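**Student:** Using the sequences and the hints given, assemble the complete structure.
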Amino acid sequence: MESTLLQSFLRAANLKRWLAKPDCPAVIKECKALFNKIYAPKVPDSDVGDSSLQDDVADTEHVTGSDATLDALLQNAKGKVATRARLRHNGIIYSTSITHLGNSLVQFYPNGDTALSPVPGCIKHIFSERNRLYLAIQRQLPLDSPIPDPFALYPQFPAKMYSSHISPSLERVEVGWIYSHYARWEMSAEYAVVLSLNRVRRIFLASVSRTYCSPQE
Amino acid sequence: MTRIQNVIRDTAVPSWLNSVPHNFGEAAAGTIKADEWRNLSTIFFPIALISMWGDGSSHATADEAFRFRQILDHTMLLVSAISLACMRTATAARSVAYLDCLSKYIKDLVILHPDVNYRPNHHMAMHLPHFLHLFGPVRSWWCFPFERLIGQLQRLLSNHKFGKFDVVLSFCYV
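First to last, the sequence lines map onto chains A and B. When you line the first sequence up against the numbering used here, it's residues 1 to 217, in that order. When you line the second sequence up against the numbering used here, it's residues 1001 to 1174, in that order.
Please note that the accuracy of each hint is not assured.
To be verified - Here are the simulated SDA-like cross-link-like pairs (lysine to any residue), alpha carbons at most 25 angstroms apart as the crow flies: (1) B:K1033 x B:N1018; (2) A:K37 x B:L1153; (3) A:K37 x A:T69; (4) A:K16 x B:L1153.
In case anyone wonders, no lab produced these hints; they're calculated from the structure. None of these values were measured; they are calculated from a predicted model.
**Tutor:** So, in structure tokens, the structure goes:
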């Protein structure tokens, strides 16, 4: 048994070495790309840094008229604008709400101002303009009528009640403004629970409604 | 239980958060692993319990409401302690807050649940602030990487004959 184990280990090592060699045939290199997709570790390496450029997501050129709200947001855009389904930033994947709803729910600093509390929103589009990536986000609306928030009593549990509706207008957000993902559970047709998933810093959501300002066009 | 299953099923979470069994509580769900317990207890349980028993919920009698509220507040102490301990940065203030939550939780445990006895884990959890102070965030010294390795080793196929097996293994890893 030991020799079998050792042999298979050596064979695997030889195979890896062969795949990494420059004189490996192109067909086999294609197989390597496939192997990497299947067997690559699921957990992203956080030390990689900004790897959005290494993404294998194809950009699609934005066609005016496909979405009126996005057109309004991009009316002052210069150069070619391309949309995409997802992007990777610091090893974390963000995607549009159509692609993966959970990955599209992010809290971000309004206008990148870290002095303000992050506000929750849903990524509707991801677009690149002059080689920079931006997100078009619809904010989660605050509650219409003030009701007692049962989550406010537990300061160590960063959840808060919001309206289950999202703002119809889009807001342009830079990738660096993102604070973290959040979990959302729709309690009823009107109310949704928003729970911050940041495990590094904790900013209490109690002050969010105070700092809420109307989304900028 | 149905409420917890609903919350697990309907909550939108990002893909980096490991999934938990949607049929939690049933035998078919299997053994819950440590990471699944953590996600359940810091995300899904509190959302479900607060929405059922928290402020603004309605119950048959005032006594029942009071009892559920007591249990909820008590459980939230444990939830707070877990999320404070599992943060990726550790501060002195967090360590103090953890100890505060946990000691209140342990003190009230036998009052609210008279049929429960203290376990060694309750005692060990009280030592955690000391380790946070000495070694930093739990993530850098918890045993889950080693547990994962043990899991991999256990899943290796073997013929149950132990000879040079360990030598070869250590040779491979080196």
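**Student:** Run every hint past the structure and note whether it holds.
**Tutor:** Hint check results:
1. B:K1033 x B:N1018: 11 angstroms, holds
2. A:K37 x B:L1153: 24 angstroms, holds
3. A:K37 x A:T69: 36 angstroms, violated
4. A:K16 x B:L1153: Holds - the C-alpha atoms of L1153 (chain B) and K16 (chain A) are around 22 angstroms apart, at most 25 angstroms.
Going through the hint list in order, the structure does not satisfy hint 3, though it satisfies all others.
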